Structure formats: C-alpha cells, structure tokens
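Engineer: The chain contents come next:
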Amino acid sequence: MANMQKMIRNKRKITSSTTPLQDICYRFSRNKTAMVGLFTLIIIVLAAIFADAISDYDRLAIAVNASEIFQEPSGKHWFGTDFLGRDVFARVVFGARYSLSFGVGCTLISVTGGCLIGATAAYAGGVIDNIIMRTLDSIMCIPPILLTLSLVSVLGTGLESIMIAISLGSIPGFARIVRSVVLTVVQMEYIEAAKAGGVSTFRTIVFHVLPNAIGTIMVNATMSIAGLIIASAALSFIGMGIQPPAPEWGAMLSESTIYMRTYPYLVIFPGLAIVITALSFNLVGDGLAEALDPRMRD
Amino acid sequence: MYKYIARRLLSIIPILLLTIFIVFVILESTPGDPAMIILGRDASPDALNALREELGFNKPMLLRYLDYVQGIFTRFDFGESYRSKQPVFDNILVQFPTTLKLAIFSVIVASIVGIPLGIVSAVRQYSLTDVALTVSALFLASIPGFWLSLLLVLFFSLLLGVLPSTGIDSWKNYILPVATLALPSAAILMRITRAQMMEVWKQDYIRTARAKGANEWRVITKHAIKNALMPVITIVGMSFAGLLGGTVIVELIFGMPGLGNLIISAIKLKDIPIVMAGTIFLSTLFMLIMLLVDLLYAFIDPRTKSQFKR
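Respectively, the protein sequence lines represent chains A and B.
Under our numbering, the first sequence has 517 at position 168, and the numbering climbs by one with no breaks.
Under our numbering, the second sequence has 85 at position 74, and the numbering climbs by one with no breaks.
Rather than coming from a laboratory, the hints here were simulated on the basis of the structure.
On a predicted model such as this, the values are computed, not experimentally measured, just so you know.
In this text, a Cβ means the ideal position worked out from N, Cα and C, and glycines have one as well.
Just so you know, not all the hints are guaranteed correct.
These stretches of chain B come out as covered by chain A in the derived footprint (C-beta under 8 Å, 3 or more residues) [as the list claims (entries may be wrong)]: (1) 81-93; (2) 118-124; (3) 147-154; (4) 171-180; (5) 222-230; (6) 272-278.
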C-alpha cells in the first residue's frame, strides 16, 4: 500500500491550493485497503439504518416459527433459520444496530471522558496531574473484562449500563493519549506565539491545541471501535450483556453453540458479521493513521 | 540502579492500594444483601442483623476497606466465600495454576510465531509476503476470541475429532485454548516487531554494516535484530500480563477450571468475596509483571543502564 502511495505521490502535481484536509482525504482515497474498509462500513451502516426495509423485525427476527426450525441456508432464508425458526439473516441485519451503537457509543463516551480527564491533567499539572494519572494507572491494572463484568453486576444489563460499563475501561487509555498529545502540542512554538499574542487559555485550547491533537485522537478512536464492538459481543456471549431474544450477534452465538455440531451455519454467520464489521473499522483506522502521519506528507 | 529499583517498588504501593479501593467500592455497591445471600431468603431479621454485625456490614465503607486491606497484607486473608464458607484465597490458589499455564504457553507460542514473522515482514518490506502477513495480522486482530475458539472446536473437535474441546486431562486439552489466545497476541507482536525492524533498518549503523561488506544475513542477525527486539521484549511482557487477565472467556468455553471460570461463576452467584479477591489478585499480578518488565528493560538496555550509573 504505502509504496504505491509513494509512487503516486511522486507523479502527483502538488498545487499550492490544497488544504491539509484535502491532502488527507486524497491520501486516504488512494489507500485501497482503507477504501475497501470504508465501502464495507457504509454498506453495514446503511443495512443497520434501513433494516426495517430489508427485513421484518417482528415477523422474521423475533417471532417463533415452529414449522421452519433449523432450515439450511437457501434462497428463502439466506443464512438459514435457528432453533426457534427465526431467520438468521434478519437477525444479523438487525444485530448491526446493536453492534454499531455499542462501538460508536462506547467510543464517544471514552473519547469524551478521556479528552476531559487527559486535558485537565495536562493543563493542571502538579499534584492534580499526579492524582489523576495514578488513578488511571490503577484502573488500567484491572483486567478489562473483569472491570466490565463487575460494573455490569452493579449497573445491570440495560443498554446504557452496558455501554457505560464497557466504556469506563477504555477511558484511561484515551486520557493518557490525550494528555501526552496536549503536553507535546503545548510546547510548540505556535502555542507560545498565541500566548504571547494575548490569546486566552480557553481559546488557546479550543482553537490551537485541540485541532492539532485531533488527528491522533481520531485514529485511536477509530481503532478502538473494533475492540469495543468485540468486547460488547463477548459480554453478550457470556450472558452478561444484551439478553437473548434480542438479535445481538454475541447473544446469537451464545444461543447457537449447543447446536453447532449439526448446524454449523448458526455460528458462522453472526461471527462473520462481527469480524467483517470489526475488520472494516480497523482498515479505516489504519488508513487514517497512514493518511494523517506527518512523515507521509509531501 | 538499586535506588531506581527501590523507588519503583515503593511507587507501586499507592497504586496497589488505589486499585484495591476501586475494586472494593465497585463490588461493594453490587445490589443484594450479603447476609440474605448467605442465610437465604427466609432467614429471620434477627439472624440477618446478627450476621451483618459479625461480618462488619454495619460499619462505614471506608473502615471496612481498611479492615480488608489489613487482612490482605497481614495474613493473606481475602475473606470467606458466601457460598462455601471456605477462605477465598485457598480457592484462588487451587484454580490459578490452570490460568498461569494457559498464559505461559500462549505467550511462548505467540512469541515463536509473531517475532520471526515480523522480522521477515520487515526485511521483505512491501513484498507479497509482507502484504499478506500485515493483512492477516489485521484480520486476526478483528476476530473475537470467543468466535475463534468456537471455530477451532467446530473444526478440530467436532469435524475431525482429533482434539478434545473441554477439560484439562491431558496436554491435548491445552492446544485449542492456547491457539485461541496466542494467535491474536502473535498478530500484535508481529506488527510491533515489523515496525521496530523497519525503524532500525533506516539507521546509519545498518548502512555502515552493509558498506563494510557484511552480507544480508549477518546484517539482520548481528546488527538489526538485537536493536529491534529491545522494545519487543516489553510487548512480550505486556502480552503475558494481559493474557493472565484475558483467559476468562476461553476458560469458560473450554471448561477449564481456571481463575476466570471461578470469577464468572462467582459473579453469577453474587459471591462477591471471590470476585473481589480474584480481581485484586489478577490486577496485582498485572502490576508486578509490568514492573518487572520495566526493570528488566532498564537492566538490559545499555542506554537506560548508563543513565543510572552517572
């Protein structure tokens, strides 16, 4: 990928009119694997939004249909039907809603929390910085899955509770990244120039520090979505997340394990859905990282 | 150097206390009355009150935390299980070896697979091999562990019938769980080794070695690997520390009597002392391993080492 980019870059006429954003978009669009990821992702998002038009939630994804149990994949049921006669394709399509909201929702919570905490630590410095950082260190010592499980047992298995339980574990990581990015940016000469020019601290943070830190934060956020989607599916898989009748991919896998010897397709399709979604987020994240890398800039 | 080690050792004490505090506060807020869990639903109010008194549940949380910490540090007392009334620490010691074995085998397999592939990938940069390896590493990072283990069970246990899917009776039982845990770690190790090798590959001393007529093999083994693998050691240590706490789901799927399985069943039974002790135990191990990795790194890297001699 990257050597191809290099070749293309040499051929490309660089005009003075391109903005950094155009530059990043251009470099991203030349990255084939990243574009494949983005394309797949758009399809998944569209499927989640228009799930009702693609399939029927009440009739196919939820209703028990005793006459159609364990049908192999066919033209009528693309992914077959499960032990209650529910259409697996319909369930996978509606499941995208859960996974996307978990992935994006949890990332938003962790990034917001991480930005607030990290920026506070970096700007406050001294004792406050020390206390915040040691607390984050402590949280990071707790195995993420155990932290999530403990929080779920306190908060319950509602959608919001699960989201919070999963997000809390990844806040420290983001806070550390944001803190270190802010600390480096703050030392830059243009920040000194802004200060010397009499710009207020708030304005400095919002207009000068954050825009220069946003690239790193965005790359890390995109990369973390995949991990959080997997974490939420894992939680449902062990029965501590979204509960069974709901078409969540992890919960579907958990329900199907006892039938997998005879009907392996029941564990193949929901799993593939998780892998494809996670992989596309990872590909896009990878592409973003490459496109935003200042060393790749011409 | 000794001063550095002593300082690092002292610095983990507050973090350890804080970690215990966080776990304690979270789990103490779990809904449900411990006295009711122990005595059952139809216990008399007097008996419940007496038990609460005995267990200290009518004291403020901070005092209970101090008692708990004192118990841990003075006599390894993590409390008693609500269900079996056995000391929790004994329970942990019985179940821990399985988890430890899983983590050790996995980190060894991951290193044997991941590091050489990373080196190959970097040396053959942008070749077909490199692209294939990089893409498969990204693919492996996107596979949920629990699904990977289901696929492995499906293929090796149910379809071919060559490997057992549950239990810990023989070494064969460890193959599938270790494969599940090792593959994603191998992918991470590969990516990092590749990045490190590529960084080193650009250094002047590599060009010097080449200019002096060293052949490619010698450049890789004598000059590049030694420098590139330094940070990789940290990642191996981190993977090991992460694996110790990350075997939970794999233990559950493969029915292995490890710490993860113990904690999950305790969570479902609301047996809080076991959950608390297990989580604290694994967090402490994580902390100690990371400290050890740090110290080891300072010890083997001549650049860091020289800083402390001054």
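Engineer: In terms of beta carbon proximity below 8 Å, does the stretch 272-278 of chain B have 3 or more residues touching chain A?
Structural biologist: holds (count 3)
Engineer: How does the coverage statement for the stretch 118-124 of chain B fare against chain A, requiring three or more residues with Cβ below 8 Å from a Cβ of that chain?
Structural biologist: As far as the stretch 118-124 of chain B goes, the hint is violated, because 0 residues have Cβ atoms under 8 Å from chain A.
Engineer: Go check the stretch 171-180 of chain B versus chain A for me, would you? Three or more residues, Cβ under 8 Å, otherwise it fails.
Structural biologist: violated (count 0)
Engineer: Between the stretch 81-93 of chain B and chain A, are there enough contacts, at least three residues with CB-CB distance under 8 Å, for the coverage claim to hold?
Structural biologist: It is violated: at least three residues are needed, and the stretch 81-93 of chain B offers just 0 whose Cβ sits closer than 8 Å to chain A.
Engineer: Check whether three or more residues of the stretch 147-154 of chain B sit with their beta carbon closer than 8 Å to a beta carbon of chain A.
Structural biologist: Since 5 is at least three, the answer is holds.
Engineer: Examine the stretch 222-230 of chain B: at least three residues should have C-beta closer than 8 Å to a C-beta of chain A.
Structural biologist: violated (count 0)
Of the numbered hints listed earlier, those contradicted by the structure are 1, 2, 4 and 5.
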